[in-house]
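Student: Single-letter residue listing:
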Amino acid sequence: MTEIALSTSGLNKKFGSLVVAGDISLELPRGARYALIGPNGAGKTTLINLMTGMLAPDSGKITLGTEDITAVPPDVRVKRGLVRTFQINTLFPNLTPLEAVTLAVCERRGEAGVWWKSLPSCKAAADEAYGILSSLRLGEHCERPTKQLAYGQQRLLEIALALASKPKVLLLDEPAAGVPKEESGELFAAVAGISSDISVLFIEHDMEVVFRFASRIIVMVSGRILVEGTPDEIAANERVREVYLGSGHV
Amino acid sequence: MNAQTPGAAFNPQEVLRAQVRWRALEIIFWVATLAPFVLTPNYLILCSQIAIAALFALSLDLLVGYSGIVSLGHAVYFGVGAYSAGLLAKHGWGEPISGLLFASVVTALVGYLISFIMVRITHFALIMVTVGLCLLFGEIANSLHDVTGGDDGLQGVKMWSIFGIYRFDMFGRTAYVYTLVATFLSFLVLRRIINSPFGLSLRGMRENQRRMPAIGVPMKSRLQVVYVISACFAGLAGALSAQTTQFVALDALSFQRSAEVLVMLILGGAGRLYGGLIGAAMFMVARDQLADMNPQYWYFWLGLLLVIVIIFLPNGILGGLAALIDRVRSRRS
Ligand SMILES: Nc1ncnc2c1ncn2[C@@H]1O[C@H](COP(=O)(O)OP(=O)(O)OP(=O)(O)O)[C@@H](O)[C@H]1O
Ligand SMILES: [Mg+2]
Chain A
44 MTEIALSTSG LNKKFGSLVV AGDISLELPR GARYALIGPN GAGKTTLINL
94 MTGMLAPDSG KITLGTEDIT AVPPDVRVKR GLVRTFQINT LFPNLTPLEA
144 VTLAVCERRG EAGVWWKSLP SCKAAADEAY GILSSLRLGE HCERPTKQLA
194 YGQQRLLEIA LALASKPKVL LLDEPAAGVP KEESGELFAA VAGISSDISV
244 LFIEHDMEVV FRFASRIIVM VSGRILVEGT PDEIAANERV REVYLGSGHV
Chain B
-3 MNAQTPGAAF NPQEVLRAQV RWRALEIIFW VATLAPFVLT PNYLILCSQI
47 AIAALFALSL DLLVGYSGIV SLGHAVYFGV GAYSAGLLAK HGWGEPISGL
97 LFASVVTALV GYLISFIMVR ITHFALIMVT VGLCLLFGEI ANSLHDVTGG
147 DDGLQGVKMW SIFGIYRFDM FGRTAYVYTL VATFLSFLVL RRIINSPFGL
197 SLRGMRENQR RMPAIGVPMK SRLQVVYVIS ACFAGLAGAL SAQTTQFVAL
247 DALSFQRSAE VLVMLILGGA GRLYGGLIGA AMFMVARDQL ADMNPQYWYF
297 WLGLLLVIVI IFLPNGILGG LAALIDRVRS RRS
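Residue numbers (our numbering), protein chains in the order written: chain A, 44 to 293; chain B, -3 to 329.
Same shape as in the complex, but just chain A (with noise of 0.2 Å):
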């Protein structure tokens, strides 16, 4: 039997009248690579900020791995394993990105509290947050401010600061989100370079990128998920086609 990571059962979620999770039920192996789908406005991110505590669901129950997570704060989840991106640039426009990996870094060894010792004294640190940056080839540009990175550099960091938790479950939203066409290659480049160990769920709109690098895909339209599958089960099925692929994607 496969080990689950991460998994919801029943998560409801309202906005007013307005159903963002409706009835959300989902199982996400160790190691996996998923990938969830739908249209503008379906609920993805929202079911993010669930999963990741910043948003309180109605009712339902998050589980990380053995443990119940649903009243665990969001600082702590990630202490857990448990990491997200964003979907519009959630970054530190002014320090750079050596100095944010760097705090991420710190964190997630404990010593992002000590005051009393100087920042280059973290050499273990800084080299980590070094190597993550090199990795995703931002090495030549961590020493400027990252509101003067490119736009794809600046989603790379993206992926870096989590990286720079040691998630054992990574969620990507729309990790190549405005990045044109021709330069999103290198953002799944990274993706694909993620360690086999941390299970990923990535939100994606586009199609190709989804089979080519999902075992699996989630579709939701309207807070709810209409049929989860392989690829080629998703790529067949008619509803699908109606409601997602028809709407221009493909």
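Just so you know, not all the hints are guaranteed correct.
Below are the SDA-like pairs computed for lysine to any residue, each with C-alpha atoms no more than 20 Å apart in a straight line [stated by the list, open to error]:
| id | chain 1 | residue 1 | chain 2 | residue 2 |
| --- | --- | --- | --- | --- |
| 1 | A | K104 | A | K160 |
| 2 | A | K211 | A | V115 |
| 3 | B | K216 | A | M97 |
| 4 | A | K160 | B | L105 |
| 5 | A | K190 | B | Q15 |
| 6 | A | K166 | B | R17 |
Per label pair, the in silico range of CB-to-CB distance [as the list claims (entries may be wrong)]:
| id | chain 1 | residue 1 | chain 2 | residue 2 | range |
| --- | --- | --- | --- | --- | --- |
| 7 | B | F120 | A | G153 | 29 to 39 Å |
| 8 | B | A20 | A | G195 | 32 to 42 Å |
| 9 | B | R206 | A | G195 | 49 to 59 Å |
| 10 | A | S52 | B | R206 | 23 to 33 Å |
| 11 | A | G65 | B | R325 | 50 to 60 Å |
| 12 | A | R187 | B | R206 | 14 to 24 Å |
| 13 | A | A114 | B | I113 | 37 to 47 Å |
| 14 | A | P223 | B | S326 | 23 to 33 Å |
Treat the hints as calculated values from the structure; they're not laboratory data. Owing to the predicted nature of the structure, the values given are computational and were not obtained by experimental measurement. Glycine residues also receive a C-beta, built at the ideal position from the N, C-alpha and C atoms.
Once you have looked at the hints, place chain B with the ligands on chain A.
Tutor: Leaving out everything else, chain B with the ligands in the frame of chain A:
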């Protein structure tokens, strides 16, 4: 741009170290603080007040400049520190150094209690609560007339000699040495805090409050720590003021003092370590000079200066200087 020697392997530790290294200008700055003993011996009392204001502004910078939290009530901590030190001396223990420690511990405790309110609110609510607390503490001090002297101020503060040797003289020589040493030592501690992993996480909170939990940072406890540290050093500044003037006026806790220290910081440049120090020096000297000429017009000139600086140098005077130096350097290379 690159701090490394060409050809050598990139060393991230060195890059971080380059940012925290002592610069020549810093050493010049601190040596220059000794100049008044020789150049302006008649102004040593003003100099101690500048040193105290500088420490107070630096403590606020930890919140405003580094953590991105605005406070319009920082005088609460200055006042608590001043009254703690003043009351201790008035009631029989006039030893200055233990008095300073006592006052900063008391203020840190007050800061700790207040921090439970502060971490629950943000933005405008936070600013309003800081103002509210300032008014509240001011009124409490006013109504406790028997303890604080109320409107008349706290009289009868008698300080002993430092180490039993150096008396606080009427020219303010001892006072300036004392405040300068205390401010410099506090600066060393604050500088280390700012350049620590904790300091980096403060800047992270300033830069993006939303990302912090997503990289695992427990924001509330991190904020509580910075409130306590900031309160502690503001209290120290207040205590220095009480001890060197041997008096505490009600305005130690006033909204005006809260606003003034923010003005000093913004003038000098928040989030730049020396911004508060430079701002405090400019503010105090300008007030001394302008108020001598025409007391009523001091606020006119201050207002004008503030408007001009905010419009033309949004990052304060040090921010403007840094931008200028950058431009000259990039033109040269
Ligand atoms: N804080 C909020 N308050 C009210 N409505 C919200 C809130 N956040 C999201 N919504 C609504 O919930 C629905 C789902 O939004 P969500 O961002 O999860 O969609 P999405 O699937 O990620 O879309 P996209 O592909 O555009 O990113 C949308 O209709 C959105 O307008
Ligand atoms: Mg979205």
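Student: Hints first: check each against the structure and report whether it holds.
Tutor: Results of checking the hints against the structure:
1. A/K104 with A/K160: 41 Å, violated
2. A/K211 with A/V115: Given pair A/K211, A/V115 holds - Cα atoms ~16 Å apart, limit 20 Å.
3. B/K216 with A/M97: 15 Å, holds
4. A/K160 with B/L105: 24 Å, violated
5. A/K190 with B/Q15: Holds, at about 19 Å.
6. A/K166 with B/R17: Answer holds: A/K166 to B/R17 is near 16 Å, not above 20 Å.
7. B/F120 with A/G153: 29 to 39 Å: 34 Å, holds
8. B/A20 with A/G195: 32 to 42 Å: 39 Å, holds
9. B/R206 with A/G195: 49 to 59 Å: About 21 Å separates the Cβ atoms of B/R206 and A/G195, which means 49 to 59 Å is violated.
10. A/S52 with B/R206: 23 to 33 Å: 27 Å, holds
11. A/G65 with B/R325: 50 to 60 Å: 58 Å, holds
12. A/R187 with B/R206: 14 to 24 Å: Cβ of A/R187 to Cβ of B/R206: about 22 Å, so the range 14 to 24 Å holds.
13. A/A114 with B/I113: 37 to 47 Å: 24 Å, violated
14. A/P223 with B/S326: 23 to 33 Å: 30 Å, holds
Hint violations for this structure: numbers 1, 4, 9 and 13, all remaining hints satisfied.
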